[in-house]
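Chains as they are written, first to last, in this note's numbering: chain A, 1 to 224; chain B, 1 to 408.
Accuracy of the hints is not assured; some may be wrong.
Partial selection, computed: residues in chain A whose CB lies under 10 Å from chain B [what the hints assert, rightly or not]:
(1) THR43
(2) ALA51
(3) GLY133
What the hints contain is simulated information worked out from the structure, not anything from laboratory work. Quick caveat: nothing in here was measured; it's all calculated off a predicted structure. We put the CB at the ideal spot given by N, CA and C, even for glycine.
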Amino acid sequence: MVLRRFALAVGLAAVLPRWPEAAEQLRGAIVRGRVELPRVQVTSERRPVSAELGEGSERDAGEWRRAVVYFETAPKGAFEDREAGRARMDQRNESFVPHLLAITVGTTVDFPNNDRTYHNVFSLSKGQRFDLGRYGVGHSKSVRFDHPGVVRVFCDIHSHMNAFILVFNHRFFNITDPDGSYEIDGVPPGSYTLVAWIEGAVRDTKSVTVGADQRVVEADFPLK
Amino acid sequence: MSRLLLGLFLYALLADSAFAQGWPDSTTSFAGGRVTLGGEFTATVSPEDEGKFNYTDYERSALQLIRLGVTINVRPVEGIAFITELRAEGATDGGPWNGIPVAAYLRVRPWRKHAFDIQAGRIPPVFGVGGRHLYSSDNVLIGYPLAWQYLTVMRPDAVPGNADELIYARSYGWQPSYSVGSDHYAKGVPLATAFRYDTGVEARVGEETRLLSMAAAFTAGTVSSPGARSSNGGPQFSTRVAVRPTTGLILGGSYANGTFIANTVQATLPAGAARGRYAQQTFGADAEYSKGYWLFRSELVSARWTLPVLGAPPIDNPLWATGLSAEGRYRLMPGVTLGARFDRLWFSDQTGTYITLPWDAPVSRIEAGVAWSVMRHVILRATVQHNTRTRGEVTSATVPAAQVTLWF
Chain A
1 MVLRRFALAV GLAAVLPRWP EAAEQLRGAI VRGRVELPRV QVTSERRPVS
51 AELGEGSERD AGEWRRAVVY FETAPKGAFE DREAGRARMD QRNESFVPHL
101 LAITVGTTVD FPNNDRTYHN VFSLSKGQRF DLGRYGVGHS KSVRFDHPGV
151 VRVFCDIHSH MNAFILVFNH RFFNITDPDG SYEIDGVPPG SYTLVAWIEG
201 AVRDTKSVTV GADQRVVEAD FPLK
Chain B
1 MSRLLLGLFL YALLADSAFA QGWPDSTTSF AGGRVTLGGE FTATVSPEDE
51 GKFNYTDYER SALQLIRLGV TINVRPVEGI AFITELRAEG ATDGGPWNGI
101 PVAAYLRVRP WRKHAFDIQA GRIPPVFGVG GRHLYSSDNV LIGYPLAWQY
151 LTVMRPDAVP GNADELIYAR SYGWQPSYSV GSDHYAKGVP LATAFRYDTG
201 VEARVGEETR LLSMAAAFTA GTVSSPGARS SNGGPQFSTR VAVRPTTGLI
251 LGGSYANGTF IANTVQATLP AGAARGRYAQ QTFGADAEYS KGYWLFRSEL
301 VSARWTLPVL GAPPIDNPLW ATGLSAEGRY RLMPGVTLGA RFDRLWFSDQ
351 TGTYITLPWD APVSRIEAGV AWSVMRHVIL RATVQHNTRT RGEVTSATVP
401 AAQVTLWF
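Extracted from the complex, chain A is given alone in its bound form:
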């Protein structure tokens, strides 16, 4: 579903308003609001295994669940404007930190290991299959994400470790704060569909219209 929406975003770009000049981008509107999130920690429990001789090492409580809010369609020209950079997803305390990453196409993500055990980061997602092999504490490997879509990331050794990387081909997205608030800036005038995405599923969509002289547009996503 999400991948289809990503494709839709690319397909509809041509019929949407022309992306304004660079100077005007800075003056674009801010779309902001709050996604009402379920109060859930993302740290997964270990898979129960009867063959263990004792308890596994103690783990800290994980981060709170967050959402990604993104434009299902983006202004024409936005696809040339994306900033591909570097991002980081730690392996710490037998968890991926952050659990959720949103990046633009072309971004390279580093996966440093901060645990005393091996980890083996891999993904079997269609758009980005990779396997970084086993490496220990203090070492890092990276992957460049070249295709838009949702990438599920796992550890081959610790089956409870999992994370999401959402790869966009435009820059109109953001991850919410733990309290659910978000902000997407530099939005040119036009009508858009805003999507709230949580843990592998589109939770809600909302139509927003940014007027020519509007500076702030509010769009909340109440809990359904």
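Using the hints, position chain B against chain A.
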């Protein structure tokens, strides 16, 4: 039990909200994480193993098996957990299903900050590592290491009256018969079994991430013949020490000593022999090293059985059996892993009336295969193994096998 397990398996899947999007990626949990569920379904097919090289503790071929297992971990309070694994098994060529409570034990961690655990009940084996590797998700190959699976002609409930009886039984480990003890045909035992847990108490100091960990247990049975209750002369003591000098390298040493002969046999022995202690002593060494896309594993298991000296020609020396396996695997590409294992089982010599021979027929096995994670929770495997044995109706067999695994 198989219906109950199937119900649990499906419930655990469907209860997870993520199931709507596919298989759940997180561990299935309830009650705020105090109850967690894990499960595995495997179906393995292969042509008939005429040489019985892959017959197991349950008198079935490990290459013709359907298995459904569910593990439940309940943590009512911090530091206390109840772990249960229920399993149902049947042969792919039909026949009845076995419902097996593989594990059912209490785990206590008295001090939260200290890596010290006590487990009591039907507990996993402390000895070695072959009995604790997960059947599917921790193996590329379908077959088991010989030391943990191959049925020797040793039986706890029947013993040979003399050396000729033992030599005559060589290579018939799936149904040896002797003149002392049970007069039924029944399977022999492997050096240590990967299929059943023993009953007792175990303590461990250290964790998998520490430089050193040690575990010790007192259990009712032996590593080759564990049981729900003691049916022999006393408990088995087993211990294992593991050292991790660097990340990815694990070196282990194990020892176990327990009375092997069943009380029912002991009771039938003549007065001179009845007071003896007929034990299985088992020594183990294991090593694992992994880095990048490679993993190497090797394990040595050496068992020493002492049997009562009855008729002539006598079995007056302990009988040794040693199994050595060496395995390597390589991640070829995301989701695809290649693996190969070499395995050998030796036996000490025994002198009969006319000849001196290893007391059971030595066996070798080479197995190679590929595992492909079609999806994260679905694994397909294909292997081929070549077995050779120095004696038996079938002394050589090449057996291909295929397996599908679904796990959560």
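Q: Against the earlier hints, flag every one the structure doesn't satisfy and list their numbers going up.
A: Violated hints: none at all, because every hint is consistent with the structure.
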